[in-house]
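First to last, the sequence lines map onto chains W and L.
Numbering-wise (our numbering), the first sequence opens with residue 1 and increments by one.
Numbering-wise (our numbering), the second sequence opens with residue 105 and increments by one.
The set of hints was computed from the structure by calculation and includes no laboratory data.
Quick reminder that beta carbons are idealized off the backbone N, C-alpha and C, glycines included.
Hints are not guaranteed to be accurate.
What the hints assert, rightly or not - Taking lysine-lysine pairs in the DSS-like style, the calculated list, with each CA pair at most 30 Å apart, reads:
id	chain 1	residue 1	chain 2	residue 2
1	L	K254	W	K89
2	W	K97	L	K264
3	W	K48	L	K231
Stated by the list, open to error - Pairwise CB distance ranges, derived in the manner of DEER restraints:
id	chain 1	residue 1	chain 2	residue 2	range
4	L	K228	W	D17	33 to 39 Å
5	W	T69	L	S181	31 to 37 Å
6	W	N65	L	T233	18 to 24 Å
7	W	P96	L	G190	28 to 34 Å
8	W	K4	L	K231	43 to 49 Å
Here's the letter readout for the chains.
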Amino acid sequence: MYEKVMSLNQATDLIKDGMLLGIGGNGMHRTPTIFSMALTQKPVKELKICGTALGLAADILFATNQADTAYFGFFGLENEAGLAPGMRKAMEGAEPKARAIEGS
Amino acid sequence: MDYTKNEMMAIATGREFSDGELAIFGVGLSMLAGFFAQRNHAPNMIAFTEGGVYGSTPVGGLPWGIEDNRISANATSFTNAIDALGMLVASGRVDNAVIGAAQIDKYGNVNTTGIWADGTQPWKVGKYTLPRVRLNGSGGANEIAVGAKKYIIMAQHEKKRFVEKVDYISSPGYLNGGDDRKKYGFPGGGPSAIITNLGILRPDPVTKEFYLDAYFVFSSVEEIIENTGWDLKVSPNVKMVPEPTPEELENLRAVDETGSLRTK
Chain W
1 MYEKVMSLNQ ATDLIKDGML LGIGGNGMHR TPTIFSMALT QKPVKELKIC GTALGLAADI
61 LFATNQADTA YFGFFGLENE AGLAPGMRKA MEGAEPKARA IEGS
Chain L
105 MDYTKNEMMA IATGREFSDG ELAIFGVGLS MLAGFFAQRN HAPNMIAFTE GGVYGSTPVG
165 GLPWGIEDNR ISANATSFTN AIDALGMLVA SGRVDNAVIG AAQIDKYGNV NTTGIWADGT
225 QPWKVGKYTL PRVRLNGSGG ANEIAVGAKK YIIMAQHEKK RFVEKVDYIS SPGYLNGGDD
285 RKKYGFPGGG PSAIITNLGI LRPDPVTKEF YLDAYFVFSS VEEIIENTGW DLKVSPNVKM
345 VPEPTPEELE NLRAVDETGS LRTK
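With the hints as extra help, turn the sequences into a complete structure.
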């Protein structure tokens, strides 16, 4: 049987510069935060991120400027945690480092 | 009676729901208002979230997200956003809903996309530029605004939020008023009320401009006009919303187990 289980290190090695990465979960829930944290330890850059309701795991990659585009219907930390700070840091100001493609 | 402004707002919103309705809620106040209604006077209401959690009631307090364990624990089915928004909402089956708003205008258009510096709004300059403040985006609110038979908009009543024209339309209300929704072929009926921490606004049947219909015992017509950024018309029959009954408060607090509305 094909073995799908691998270490986090091996899994993050599969991600290459410029890839479009679908991130699951919803806002703060069931979102692969540990995977994103591991990815911040790799030199990968210019990632495009998509998801219906992006949250913490996506926000981390914008905070480190490893992602430059987000495709989403919602991007936030939900409820009282409010807006996603990493995404805002990357997308606001005079020289934004990332762009948002918002759909619904 | 001892209750908070947000509790009044949630109860006033809950009263807009009837038994047997199919309804969709987002998180926070809107979900609390909806499940209060279900517990208080609409036991056969079926509620679902845009994440596809269908037919559940919250367990252990108000859910933090639209798919967290408090809402999904006793769901009759747990599908996905395509089913919830693409099938149920888009097909026009949803009777009633609640959405929130960061910015709202006199025709009930809602902006949750971004805040632009004055004079640089996309509709003013004719193209989309990056906003000064990047917000969450519409999530499922756009589909609800387009497809639900009717829906309620809940917002904190502040002048900076209640503007003549929103910077960007994330979720359309009545667009430029009149029969604009029909012109664009929207299946849903549009917002039936804007319910805030100060009172209730409703759309004029013809122009679709929102006017002041009712205030709460702790607010006043003057206070609401002062906190609205457009020239708010007042109904000649403007009235006070009845205060919560002890039974309503008991049911609301039974849903809001963690007291999230008591502290604000």
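Against the structure, the hints come out as follows:
no., hint, verdict
1, K254/L with K89/W, "violated (36 Å)"
2, K97/W with K264/L, "holds (28 Å)"
3, K48/W with K231/L, "holds (23 Å)"
4, K228/L with D17/W: 33 to 39 Å, "holds (38 Å)"
5, T69/W with S181/L: 31 to 37 Å, "holds (34 Å)"
6, N65/W with T233/L: 18 to 24 Å, "holds (21 Å)"
7, P96/W with G190/L: 28 to 34 Å, "holds (31 Å)"
8, K4/W with K231/L: 43 to 49 Å, "holds (46 Å)"
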